[in-house]
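> This is what each chain is made of:
2 protein chains.
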Amino acid sequence: MSDLSAALEIVGSRWALLIVARLMDGPQRYGDLQRDLGVPTNMLATRLRELESAGVLRRLPLRHNTRAYALTERGQGLRPAIDALGRWGAANGAGTNERPEP
Amino acid sequence: MSDLSAALEIVGSRWALLIVARLMDGPQRYGDLQRDLGVPTNMLATRLRELESAGVLRRLPLRHNTRAYALTERGQGLRPAIDALGRWGAANGAGTNERPEP
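Protein chains in written order, with full-length UniProt numbering: chain A, 1 to 102; chain B, 1 to 102.
Calculated from the structure, these hints are not laboratory results. Glycine included, C-beta positions come from ideal geometry on N, C-alpha and C. One or more hints might be untrue.
As the list claims (entries may be wrong) - Anything over 12 Å on all C-beta distances counts as not near chain B; from chain A, calculated:
#, residue
1, Arg29
2, Asp32
3, Gln34
4, Arg35
5, Thr41
6, Thr46
7, Leu62
8, Arg63
9, Arg67
Unchecked claim - Label pairs and their in silico Cβ distance ranges:
#, chain 1, residue 1, chain 2, residue 2, range
10, B, Leu60, A, Tyr30, 41 to 49 Å
11, A, Thr66, B, Arg87, 31 to 39 Å
12, B, Leu60, A, Glu52, 40 to 48 Å
13, B, Ala70, A, Gly26, 16 to 24 Å
14, A, Gly26, B, Gln34, 37 to 45 Å
Take the sequences, apply the hints, and build the full model.
Printed below as a string of structure tokens:
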């Protein structure tokens with residue numbers, strides 16, 4: 001398996017990188033993640049479980065009856081990739097719809 | 001839409017980044033892409049069409065009755081993100097299954 005496919009095995013599924021990017025700013029509560037990302041709740045629960053078992057994020061102890069999540073060091077290690085994808089998205093993303101020269 | 005989600009709109013679907021990474025080495029024929037990546041043919045055809053219409057790759061003129069594809073400049077612009085994901089995959093990917101310290 002190539003290094004890239006090894007990475008995508010963990011963060012290649014829909015919403016995964018968006019969840020990790022959202023946690024780069026610091027721990028987030030479940031409800032805030034769901035509202036900010038607009039991700040369906042069953043999907044969010046699945047992705048959080050997958051990312052937790054892959055050691056990318058961890059669940060914080062419950063406070064005021066709300067679950068919160070934070071990135072692990074492994075999760076923080078995705079910052080260069082997320083920043084690079086963000087730069088590409090800014091220059092080429094769906095919003096910039098003029099077709100480039102081939 | 002965040003820059004990251006704008007990028008993932010185009011290259012976030014399954015196989016997309018693996019196809020782009022495979023073309024970083026140079027143009028590839030359809031059959032070689034399919035064999036090297038092990039991607040189902042209908043999925044490959046769909047992803048190539050999507051990536052072509054997003055200006056990430058282009059179809060090369062037919063030679064010896066085989067279709068080939070090459071990255072555009074926009075597609076080459078994904079190299080930093082693909083390299084960063086590959087580095088993360090090498091250090092943290094599915095193969096390295098020891099759980100990191102939280």
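> Since A/Arg63 was said not to touch the interface, does its Cβ keep a gap of more than 12 Å from each Cβ of chain B?
17 Å, holds
> So A/Thr41 supposedly isn't at the interface. Is its beta-carbon more than 12 Å from every beta-carbon in chain B?
19 Å, holds
> Is the claim that A/Leu62 lies outside the interface with chain B correct, judged by CB distances over 12 Å?
16 Å, holds
> So the hint says 31 to 39 Å: do the beta-carbon atoms of A/Thr66 and B/Arg87 match that?
35 Å, holds
> Grab the minimum beta-carbon distance between A/Gln34 and chain B and tell me whether it stays above 12 Å.
Given a closest Cβ separation of 15 Å, the condition holds.
> Confirm or reject: A/Arg35 is not an interface residue toward chain B, with every Cβ-Cβ distance exceeding 12 Å.
Correct as stated: the minimum Cβ-Cβ distance to chain B is 15 Å, above 12 Å.
> Taking the closest pair, is the beta carbon of A/Arg29 still more than 12 Å from chain B?
18 Å, holds
> State, for the Cβ atoms of A/Gly26 and B/Gln34, whether the hinted interval 37 to 45 Å holds or is violated.
Since the Cβ atoms of A/Gly26 and B/Gln34 sit about 43 Å apart, the hinted range of 37 to 45 Å holds.
> May I ask you to test the hint 40 to 48 Å on the CB atoms belonging to B/Leu60 and A/Glu52?
44 Å, holds
> Decide, holds or violated, for the assertion that all CB atoms of chain B are farther than 12 Å from the CB of A/Asp32.
15 Å, holds
> Are B/Leu60 and A/Tyr30 spaced within 41 to 49 Å by their CB atoms?
About 48 Å separates the Cβ atoms of B/Leu60 and A/Tyr30, which means 41 to 49 Å holds.
> Minimum Cβ separation between A/Thr46 and chain B greater than 12 Å?
16 Å, holds
The structure is inconsistent with hint 13 alone, although it conforms to all the rest.
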